[in-house]
Amino acid sequence: MREIVAENSHASTIVLEVENWPGHVAGQHVDVRLTAPDGYQAQRSYSIASAPEDPRFELTVERIDDGEVSPYLVGELRAGDSFELRGPIGGPFTWRVENGGPLLLLGGGSGLVPLMAMARHHRARDSRIDLRLLVSARTWEDVLYREELERAAQRESVDVRFTLTRAAPAGWSGFARRIDAAMLTALGPDPSAAPAVFVCGPTPFVERAADLLVELGHRPQAIRAERFGPSGS
Amino acid sequence: MTPLSRGFSGRPRREIDPARIPPGQYVVEDFPVLSAGPTPRTPTSEWSFTLDGAIGSALSWNWAQFTALESETFTVDIHCVTKWSKLATSWTGVSLDTLLRGVDTQAAYATAWSDGGYTTNLPLADLTGGRAWVVHSFDGAPLAAEHGGPARLLVPHLYFWKSAKWVRGLRLTVDDEPGFWEAAGYHNRGDPWQEQRYWND
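Taken in sequence, the protein lines are chains P and R. Note that numbering that gives the first Met the number 0 has the first sequence beginning at 0, numbered continuously upward. Note that numbering that gives the first Met the number 0 has the second sequence beginning at 0, numbered continuously upward.
Treat the hints with care, since some could be wrong.
[Claimed, not checked] In the SDA-like style, the derived pairs of lysine to any residue whose C-alpha atoms are separated by at most 25 Å in a straight line are: (1) R/Lys85 - P/Ser81; (2) R/Lys82 - P/Leu211; (3) R/Lys85 - P/Ala35; (4) R/Lys85 - P/Leu211; (5) R/Lys82 - R/Val173; (6) R/Lys82 - P/Gly38.
Hints in this document: simulated from the structure, not taken from any laboratory. If you're wondering where the values come from, they're calculated on a predicted model, not measured in any experiment.
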C-alpha cells in the first residue's frame, strides 16, 4: 500500500502497487484477503475506483462500523503494508468507450466507486459519449470525489447531478430527496436513446432505481446492477 | 506462504461450528440481495415452470399445478460467492426429483433460465438425489421478488448463484453450456467446500 487518502469521515481511497497486475476494465472489483497471526482469514470485495489508464491503482473503501475488513483497511492499514488481492473480477458490470453510449450511471453512497472508474475512463479517453451521472448521498459531506465530480461536470459531454437524501447545505440547488421518476426524467437521456445503464448502491437504492428505470421504459436488459448491504427486510 | 496482515486480528470468533463454514466465507444474520439487473415481477397468474430440451416432450406446470405438487419444507445453509453464508435458512418447495420423475433423457446437464434473461448451468447429478428444489416460500412466507419470487431454484450445496432467482424452467442438455456468470469468469461448478469461485480455482 503506497498511500491512503481520506475522502470523508468514513471512506478512504487506498493507493496500491500491485505485483503482476494484468489491467482491468472500468466497473470491475477485486477480492481483498487479510490473514491474522493465528491463520484466520477474511475476504471481501471492493470496487476499483481508478480508470484502467491511470498509473495509480486505487480502491475506495467505506468503513462499515460493525464490519471486519473495512475498519482495518480504513483505520489500521499504513503505507508500506501489504495484503493479498485477487482480480480483476466482474464481466457484466463493465464499460469501455468502445461499447458506446449514451451512458447513464446511478450511484448511491459508495456505489459511486465503480461508476467513477467508468467516468474516469471516459475522461482519460477524452470521450464525447453522452454521460449522465446521478450521485445520491445522505449529505454533501458524504459525497465521494466532490471536487473531481464538479470539475467533470464542466466537460461538454458530461452531466452530473446530485441528490441529498438527509440534509442539504444552505443555498443547495441540486435535488434533495430519494431518487424518483421526475429526477430520472430531468437527468435523461430518454429511454428512446437506449443508454447503457449502470446502477450501484445499497440494495434499497438499486431496487428502487431499477424499478423506476423499467417503468420509464428502459429495456431491462440494458440495466446492469450491483447491490450491496442488507436487504432492509 | 500466505503473508500476514499486520495489525489484523479479525472479528471475535462467534459460537459457530467451523465445520459449517466453507473456506473464505463469513456468517451473516441478514439476507443480502445480489442480482445483475432489475428485479422482474412476474405475477403468478402468468407464471409457469417448463422442463424441455433433450427430453421426448416438454413438461410444463402453471402456478396452481406447481403448488399442488408434493412439497417439502427443509432447513439448509446457503453460501454466496461474494463470501457471505447464511445458516439454517428454511424453505418450502418442490424437489427436482419430483419434477424429473418419469423423465427419460440422455442429458447430463441442465440450464436453468429465468425471467430477466439469467441462466446458470448445472450437471443433472447436482439437481437430483434430494439436493435441489424449486422453492416458493422462505421462512414460511411467499418468497419476496428481490429474493427470487415467485419461485427460485435452490441448490444449497453449490454457491448461491447456481440457485437461479425467478426461475421459469430447466433446459436439459447433452453438452455443458456455460450460463451467465459461468461465461463471465466464475467457476463452472461452484462447490463452496472446494472454494470454486472463479474459473481457474
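Problem - Hints violated by the structure (numbers, ascending) - result: Result: hints 1, 2, 4 and 5 break, sorted rising.
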